[in-house]
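As you go down the protein sequences, you meet chains A and B in turn. Sequential numbering of the first sequence, starting at -15, is according to the numbering used here. Sequential numbering of the second sequence, starting at 2, is according to the numbering used here.
No lab work stands behind these hints, which were simulated from the structure alone. Each residue gets a CB set at the ideal place from its N, CA and C atoms; glycine is no exception. Please note that a few of the clues may not be correct.
Label pairs and their computed distance ranges (CB to CB) [what the hints assert, rightly or not]:
hint, chain 1, residue 1, chain 2, residue 2, range
1, A, A66, B, S212, 43 to 51 Å
2, A, R139, B, A122, 47 to 55 Å
3, A, I104, B, F146, 39 to 47 Å
4, A, G67, B, F173, 24 to 32 Å
5, A, R139, B, A143, 38 to 46 Å
6, B, T207, A, R143, 45 to 53 Å
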Amino acid sequence: MIRTQPIIELSHLSKTFRVARRDPGLKAAAKALFRREYTEIRALDDLSFSVPEGQIVGYIGPNGAGKSSTVKVMSGILTPDAGTCRVCGLTPWRARRQLAGRIGVVFGQRSQLFWDVPVIDSFELLRDIYAAPQDEYTANLARLTDLLDLSALLRTLARQLSLGQRMRCELAASLLHSPQVLFLDEPTIGLDAVSKIAVRQFIRELQRRRGTTVVLTTHDMQDIEALADRILLIGRGRILRDGTLDELRRTHSPLRTLTVEYGGALPPLPAGAAVAESQPGRAVLTVDTRVLGVSAVIAALSAAVELHDLSVASQSAEELVAGLYRELEL
Amino acid sequence: MKKYLSFFRVRFLTGLQYRAAAAAGIATQFAWGFMTLLLYRAFARAGYDRFPLPFESLSAYIWLQQAFLALFAVWFWDSDILEMVESGSVAYELCRPTDLYTMWYVKTGAARLSRAVLRCAPILLVAVFLPAPFGLTAPASALQFLAFLLSLTLGFGVVLAFGMLVYAAEFFTVSPAGLRVLVVALVDFCQGGLLPLPFLPAALRTALEWSPFGAMQNAPLLVYSGFLTGGALLRTLGLQLFWLLALVLLGRLILARGLRRAVVQGG
């Protein structure tokens, strides 16, 4: 399906919060009774980006960068001071209730299931709240039950679910009304390895089968690595980097670590490669891929010494992002 | 409309689960009812028997009050809503295609009604079989009983609308516990929770009868006991309807302002 219009479009969004501040001590406290001092915090500062339909966007940035403010604007919960925003063709803060039917939200730290009733009751209630047609609901429920392995959970009270079980139910709950856009905020927080993988597989599957657009906010870089087609990095209320993980790697993390076990004596290394540590018969080299390829180094090595073992490692996504935060002074 | 009905159903069924709490509540209400009646009897025996209500009416007032406590006691706050407003996570409620005021009104209504349904039957049943003048006597006529039901419904609606005012007001204060303590003490007295309003001095009584507080439990309980008939009855029902509409309107306004604040300030 080709659409000329992106499904999410933000341009020049700004939002400033006023936060009360005061100096420590009794005197300052007394003064604050009469006159408060406020500091302005720019949560969003001329923020623009757009997302085409069917993309999974990893929206990352350090705490306080403006991630959740952006998600709140896009879901109609927060009104910006300036700028425009269209989600599914609607301006969120003007058409909040209309938009609510087209988007799904999962906030990892908050439950949308009703605590004291079986999960299936919550689902049926959500069906009525979203006025989802019965046949659509039945089909969605069957599919979600199958994909997320919920059949054993539907009759359980929500408060008796484990965290991983609850998150699977939360995902299902947010998708019963077939939303076009899904906002996920920390969907794998606190989950064990098996549940994390199940949740990630499900999100991939959802995008593949339904073409659902997903905005994924997370601090878990493995989520990003496994899911994001594209990464948006936000800091101080602005988009600072926009690209795929590979692109970010190419530009921001050009070093590869080459560990070799060999027999013989190491030859002089070509420019761009350096020895990080060495013991007899084993060396760790760093290769700057901006200067030369890893394969050139391997070729040079294998011509001079007998290679027993060799491994190449690039920075993990975690390290890459930590490096980026440092570089951007976030 | 269907979404609010389903919501009501789920909350109502949830409330019906708490059997132990209901049993404890019934015991408390019996004890409270008996103690109150014994107190009035002590006054009557000591010669202070110029009560504005006959003792039978007083007994009916007290037993109905105990049976329907969950409908009228202001202190049945909904901890979900309070928590949401205090933590600011109320903003997430806006991710649904629903009207927040209606949703909360229905939610608190269902919670109170489910409690009342569990508790009223045993209390009413026992009260009916108590010896005169301590028992619950039947109303004078079917018409009077119908008027009681209507007044009960309206009074319940007024209490819910008043609760919504408090929830909405919590948007504007950092620590709302103080407001609630004050409201509970004041409203309980003003709606005739401590003492039926006819016992109060004439001026105060008149003022309260015209206020929204007189439209809460005072109205249906006095209608049942036959204290309000004819013109006074019609006036009371009219006032109840008026206050219901007025408080709902006011609550909607305050909630909309509070939400705008949350939406603008970021929750």
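Can you list which hints this structure breaks, lowest number first?
2
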